[in-house]
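Full structure from sequences and hints, please.
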Amino acid sequence: METIEWSEFERVELRVGTIVRAEEFPEARVPAYKVWVDFGEEIGERKSSAQITKLYELDELVGRQVVAVVNFPPKQIGPMRSECLVTGFYREDGVVLAVPDKACPNGLKLG
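Quick note: the sequence shown uses this note's numbering, first residue 7, plus one each step.
Hints listed in this document are in silico derivations from the structure and should not be mistaken for laboratory results. C-beta atoms are modelled at their ideal positions from N, C-alpha and C, and glycine is treated no differently. There could be a bad hint or two in this list.
Straight-line Cα separation of at most 25 Å, PhoX-like style, residue types lysine-lysine; simulated pairs [said to hold, decoys possible]:
1. Lys108 / Lys53
2. Lys40 / Lys53
3. Lys40 / Lys81
4. Lys40 / Lys60
5. Lys115 / Lys60
6. Lys81 / Lys60
7. Lys108 / Lys81
Label-pair distances were calculated between CB atoms; the ranges are [unchecked claim]:
8. Glu98 / Glu47: 36 to 42 Å
9. Val105 / Phe78: 18 to 24 Å
10. Met7 / Leu64: 32 to 38 Å
11. Arg97 / Ser13: 27 to 33 Å
12. Leu64 / Gly84: 28 to 34 Å
13. Gly117 / Leu61: 37 to 43 Å
14. Tyr96 / Glu66: 30 to 36 Å
15. Thr9 / Arg35: 30 to 36 Å
16. Arg27 / Leu61: 18 to 24 Å
This is the structure:
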């Protein structure tokens, strides 16, 4: 494991947001959903691709809060331009979303 400086970690904008929309993403190379996440007034709504199809159904995603990196540059994923990185933990059976254990205001920064 590589050690980083505290100042490097502070540059990463990890924010909480609420999924407001989720759709199938059939064009993705690896099975994924398209998700739109509301990060509050300051940041607004951002879209992303999330490889969470093995452990989550579309109908259980809307309204769920997630933790995402919001200061990466946009990334082209097939026909979609991802605007944030929804975080999760890789297990053998799929990706588990990283989520706050209590409700938080959208846009709140991890610190």
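| task | Check each numbered hint from earlier against the structure, then list the numbers of those it violates in ascending order. | result | 5, 7, 12, 13 and 14
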